[in-house]
Amino acid sequence: MSTSYDLVVIGSGPAGYVAAIHGAQSGLKTALIEKKDWLGGTCLNVGCIPTKAMLHSASMFDKASKLASYGVKIAGADKPGGITLDFPQVNKRKDEIVKHVNGGVAFLMKKNKVDVIRGMGRLAGANTVEVTAADGSKSKIQAKNIILATGSKVRELPHIKIDGKDILSSDHILYIDKVPESLAILGGGVVGSEFASCFGRFGSKVAIFEMSEQLVPTEDFETAAELAKALKKQNVEIFTSVKVKSITAKGGKVEVQVEGETAPRVFEKALISVGRAPVTEDIGLETVGIKADARGFIPVDLKTYKTSAANVYAVGDIIPTPQLAHTASAEAMFAVDVICGKKRTPINYLTNPGAIYTYPEVASIGHREQDLKKEGREYSVGKFPFSAIAKARIEDASDGFVKILTDKKYGEILGVHIVHAKATELIAEFSLGNNLEMTIDELAHTIHPHPTISETILEAAHAAKGHAIHI
Amino acid sequence: MATNVLMPQMGESINEGTLTKWHKKVGDKIQREEILFEISTDKVDTEIPSPVSGTLVQLLAAEGSVVAVNSVVAIVDESGAATSATPAPVAQAAPAAVPTPAAAAPAPAAKESVAAAAESIAEDSNRAVKSSPLVRKMAAEHNIDLSKVSGSGEHGRINKQDLVSYMEAAKGTGSGLVASAAQAAFSAVKTASGSAVDSTGGQISGLLDGVRVERVPMTQMRKKIAEHMVMSKRTSPHVTSVIEVDLQKVVDLRAKFKDKFESLHGFKLSFMPFFMHAALEAIKAVPIVNASVDGDTIIYKKDVNLGIAVALDWGLIVPVIKNSTERSFVGLARELESLAGKARNKKLAPDDVKGGTFSISNFGGFGTIIGQPIINQPQVAIMGIGAMVKKPVVVNDAIAIRTTCHVVLSFDHRVIDGSDSGKFLSTVKNTLENWSLPVV
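Each protein sequence line maps, in turn, to chains P and W.
Residue numbering for the first sequence follows our numbering, beginning at 1 and increasing consecutively.
Residue numbering for the second sequence follows our numbering, beginning at 1001 and increasing consecutively.
Since the hints were derived computationally from the structure, they do not count as laboratory data.
One thing to keep in mind: the hints can contain errors.
Cut-off 25 Å, straight-line C-alpha distance, at most; resulting in silico cross-link-like pairs (BS3-like, lysine-lysine) [claimed, not checked]:
| hint | chain 1 | residue 1 | chain 2 | residue 2 |
| --- | --- | --- | --- | --- |
| 1 | W | 1284 | P | 465 |
| 2 | P | 243 | P | 229 |
| 3 | W | 1160 | P | 373 |
| 4 | W | 1130 | P | 342 |
| 5 | W | 1429 | W | 1284 |
All values reported here derive from a predicted model rather than from experimental measurement.
Model the full assembly from the supplied sequences, consistent with the hints where possible.
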């Protein structure tokens, strides 16, 4: 293995491995450094992929009890205990999917001739990366360019100890061996809501404790209300604007003390999901003069992803942009293009889609209505419910809506909020359209296929112009 | 192998340039880096070297034609096989890339159709450039000709941010939302009814009946000067104040040190650096002259970038000395020398003429003693220097012969008052008459 590269990427998540492939494809001699024995980072191993696998099982379990209503009869299914959840199989399937995709990333590294170096990578002065292998041996690599893609880890709270047994993080809950009877979730953001929707449908009695005044605090207020309504039907109780004073494990149970309540609430397990913190400590930033900000993020120029140090770039969860896998990949490819001297239009984060995989799913892009209101902007709202769409009825997925916020003067699409079983697929239409700066007129004049779920977007576009057809 | 020679991009905001001169003709051999042609843009005139060595097989733009940036102007055959390699697609693309003057400006004969044609200019030209639907809507609303807006998107596509920046820049120069196409339409209509003359050359044929004329198209630089002057006069209410300065001390000082200066620094010491230093002192005392107007806001600039008007045989250009206050007297003189040399040799880079915050014009070269210079927008004041003449002046109640000159300040009365101007000019006068800075 060589010790001198055009590009060295630290971290193999969706930022790092994509940077490595794109770098190699662009003709750079590239190495990828990973400290764990996996490839693909949080997303692939303990994030996006395994959680969505579990959520899919939850959806299938949910559907199973409705099969009879579609005219599909399974003998004994209507008897008590006729349909049961095989949780070990849920986990097995999830693990197989992760293993399969992991192998895929390893294959892509080989195919693109990226050298994968196992060990802890640290900056060690200009154009140098030091790698500490599992056995403690150290080696140095010269790099013309370095992309930091060290990702994020579960954020912890000083007053609550995550023990991994009863009080869990998202890393742990993926590996529990049985569905808990009851589950307290601290934090009603993306991660908390997804696990609530998952374990609620598996049969746990779930309670979410959220400090802000709405569930999924980063989403539009109507999205939050719609999702809360749906989760309540999935055994999930939601407490907003509450402070949790302590969560303690006691005799195989977990006690959650909410501020202002006299006695603690008791659950079998607790999940702490209060966000993710950037991994920027102990990666040698000081050796090249990079200073992380107060929250640990690395400041970069968003037109180039350059850090304050020459030839060092940072992308993904370690910079203060949305912590999403697809965002990280886009930033990674952008940084590689900058290294290769390609001219690129800076990423417009207002066209960056957000996705939550609850049932129903939540997807959004651009501004929220409450922000437009606060800024005093002139906007129109086009909202259309899936309950008025035939295909949604057919698929038994009538929950949710499409909400489009447009600028009154030019019809610019300012924000889109979709709540639906397939919301995360539907939002892609706006990823493209908004990136191309379409206005509500082009959208309203675009022929959508019938009968489909996507027709709802057309209807919402007409609604934004003041004349929905099918309502 | 045939290589396409492109019209170079000479600056961020430049979309086209006039190809002023070919240095080679078809069949000529040319070396890499040898000058192939000259261009003139609204910012600079410059010579363009050949990117490769070979034989010139085709010229695709006539001298004097306006050529869009990045379009093919010539083909050089590197193999040396002179005329054989002429790729068809390039030849096809050529007519589109090189619009004839006739197509760009409607001929007088077509008067009736001018108004109708002009009406569709905005829409048609906006369709021809890459832009987003949102941008086209905004441009239509504000009557903006998108061919004037540079796009930062994929393949130069104009996105919302590009248009917003353009609109803000237009606002900053005080010209409002410049709608070139719409304005052209307006003036064309007015001309057709025989009443007015457009700023940059509406047709005046009706006024010249019976006069023998020769028609010479304006150079790109002339057009830009014309546009800029009219725009400035329309934007700023100009007032000019004059002060007389006794230059004897400066004249004596220069006479004493000019040889030493030249032997030390390798170039001649002119009077201009003295005036530049005096202007910098006066700007320090009256910062408003170094400002700009943005709507109802005054922008005070923290840097002083002195623009010095340099007359050329083919026009006028104002190279800019960046961060003038941070330079020594010799530093100012040296930068001036370098920029003036570049201007005369057509070697100015676009950056050399950008970012001026205050300008100086020396109109005294032919003996003119007083002038009223036009402000270089978006600046708010310009200093002018008249001819140096020997005059009898009263010194300590006796008459003496002294070298004097008039220094003038044209200022934008929207934001600068007579008292400011008076203070400025008296500071210039005091600095020059009581010169205290060492010159070598």
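Structure versus earlier hints, numbers of those that do not hold, lowest first: 1
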